[in-house]
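Protein chains: 2
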Amino acid sequence: MPATIDVAEPSSSAKGKAVIVAAPHPAKWKKGTAIIDFVLRLGAIASALAAAATMGTSDESLPFFTQFFQFEASYDDMPTFQFFLIGMAFVSGYLVLSLPFSIVAIVRPHAVGIRLFLIIMDTVALTLATSAGAAAAAIVYLAHNGNSSSNWLAICNQFTDFCQKVSGAVVAAFVCVVCIVFLILISAVALRRH
Amino acid sequence: MPATIDVAEPSSSAKGKAVIVAAPHPAKWKKGTAIIDFVLRLGAIASALAAAATMGTSDESLPFFTQFFQFEASYDDMPTFQFFLIGMAFVSGYLVLSLPFSIVAIVRPHAVGIRLFLIIMDTVALTLATSAGAAAAAIVYLAHNGNSSSNWLAICNQFTDFCQKVSGAVVAAFVCVVCIVFLILISAVALRRH
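Taken in sequence, the protein lines are chains A and B.
Take the first sequence: its position 63, counting from 1, is numbered 63 in the UniProt record's numbering, and each next residue is one higher.
Take the second sequence: its position 68, counting from 1, is numbered 68 in the UniProt record's numbering, and each next residue is one higher.
The following block holds chain A by itself, in its conformation from the complex (with noise of 0.2 Å):
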């Protein structure tokens, strides 16, 4: 780990020549990727609890209803908008987490041990949340719009505010796919150089 030792060596012995020579510049160039990086996670935490939230709460009764039935739609009729709930819980949960991690890198900006850990995870965060907003997205497109070679009819006709707050899920999840886009781009370039 080499890392370890960077962070503890300049305090011991260099702190006399390389204050004076160029050590500013990147380290502040550095701490400013630090900040963008935990601002824009604060961004995606919003986002992803957002799209869990408004998926977990949306359930809708049509108030008629037949003697063997009553016509209600809710995410838990759906395994795709199961997978979504749980897909985006994970991403909070996980960028909940991650939220220490990032504050340890704005303290220390070239801990680059960190800053690797965080954009592997980021990468593994990414891929479900895409997965489910894409999936989640597809299941949406279908309800709005049906399809008629296979004769799947286009719920949203009747179930209004399910399919608005459904879309909003999928909105919000795909903010918080951007963020975590940028996440990853941002910590590419801090990684570069340090």
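Honestly, the hints are just simulated from the structure, not real lab data.
All of these numbers come straight from a predicted model, not from anything done at the bench.
All C-beta atoms in this analysis are idealised placements derived from N, C-alpha and C, irrespective of residue type, glycine included.
Check before you lean on any hint, since a few could be wrong.
What the hints assert, rightly or not - So the derived label-pair ranges between C-beta atoms look like this:
id, chain 1, residue 1, chain 2, residue 2, range
1, A, 72, B, 35, 49 to 59 Å
2, B, 46, A, 28, 36 to 46 Å
3, A, 76, B, 113, 43 to 53 Å
4, B, 108, A, 100, 52 to 62 Å
5, B, 77, A, 158, 16 to 26 Å
6, A, 59, B, 60, 31 to 41 Å
7, A, 96, B, 53, 37 to 47 Å
8, A, 60, B, 104, 49 to 59 Å
9, B, 108, A, 59, 54 to 64 Å
10, A, 145, B, 46, 26 to 36 Å
11, B, 96, A, 121, 27 to 37 Å
12, A, 178, B, 113, 20 to 30 Å
13, B, 124, A, 28, 24 to 34 Å
14, B, 148, A, 36, 44 to 54 Å
Keeping the supplied structure of chain A fixed, place chain B upon it in accordance with the hints.
Coordinates of chain B only, in the frame set by chain A:
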């Protein structure tokens, strides 16, 4: 600001020690990651092309028909499958175009700019491939199992060949996704030290 000193310090004073001990090794190690990158990229290309080709050739006509209608299933009946085809075609196009960059990274293991370019473009390709795969997977799941609450019936009882081809395309897409995830991880590790 004790942290600012880290970077400038080793380059100025600690050279003597570091060069002798560990210099030749990292170059080899870098080259190794670049070669793995190239091989993984070939795997990703193969699976992306397989996914696109399988989806593109998937259509099936049933041997019976009514007066008004012949039963036929093809990828272009479903907007999601069209998106899948276009998305995977883009991804495989990008991956083929990125091969020369990967070769340059083998020849010059310390060219940081190329690595950075590849990691950024790979992240975008990952998002595209994941969303295409997940959206198609959601529809394939529906085609296999149907959904009782929204009254969408499974169509795979009739269109068995079509469903098999489409499922195969989704699996190939996820193989491609896994390859790209590992590409990003390797690039991140290789960016760490230079």
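Hint by hint, here is what the structure shows:
Distance hint for residue 72 of chain A and residue 35 of chain B: a CB-CB separation of about 57 Å, consistent with the stated range 49 to 59 Å. With their beta carbons about 45 Å apart, residue 46 of chain B and residue 28 of chain A fall inside the hinted range of 36 to 46 Å. Our hint of 43 to 53 Å for residue 76 of chain A and residue 113 of chain B holds, since their Cβ atoms are close to 49 Å apart. For residue 108 of chain B and residue 100 of chain A, the Cβ-Cβ distance of about 37 Å falls outside the hinted range of 52 to 62 Å, so the restraint is violated.
Taking 16 to 26 Å as the suggested C-beta distance range, the pair residue 77 of chain B and residue 158 of chain A conforms, at roughly 24 Å. Distance hint check: the CB atoms of residue 59 of chain A and residue 60 of chain B are about 37 Å apart, consistent with the given range 31 to 41 Å. Checked against the hint of 37 to 47 Å, the pair residue 96 of chain A and residue 53 of chain B passes, with Cβ atoms roughly 42 Å apart. Here the CB-CB span from residue 60 of chain A to residue 104 of chain B is close to 56 Å, well matched to the stated 49 to 59 Å.
The hinted range of 54 to 64 Å is satisfied by residue 108 of chain B and residue 59 of chain A, whose Cβ atoms lie roughly 57 Å apart. Here the CB-CB span from residue 145 of chain A to residue 46 of chain B is close to 34 Å, well matched to the stated 26 to 36 Å. For residue 96 of chain B and residue 121 of chain A, the Cβ-Cβ distance of about 29 Å falls inside the hinted range of 27 to 37 Å, so the restraint holds. Here the CB-CB span from residue 178 of chain A to residue 113 of chain B is close to 24 Å, well matched to the stated 20 to 30 Å.
About 28 Å separates the C-beta atoms of residue 124 of chain B and residue 28 of chain A, a value consistent with the hinted range of 24 to 34 Å. Hint check: residue 148 of chain B to residue 36 of chain A, Cβ distance near 47 Å, so the stated range 44 to 54 Å holds.
Violated hints amount to a single one, hint 4; each of the other numbered hints is respected by the structure.
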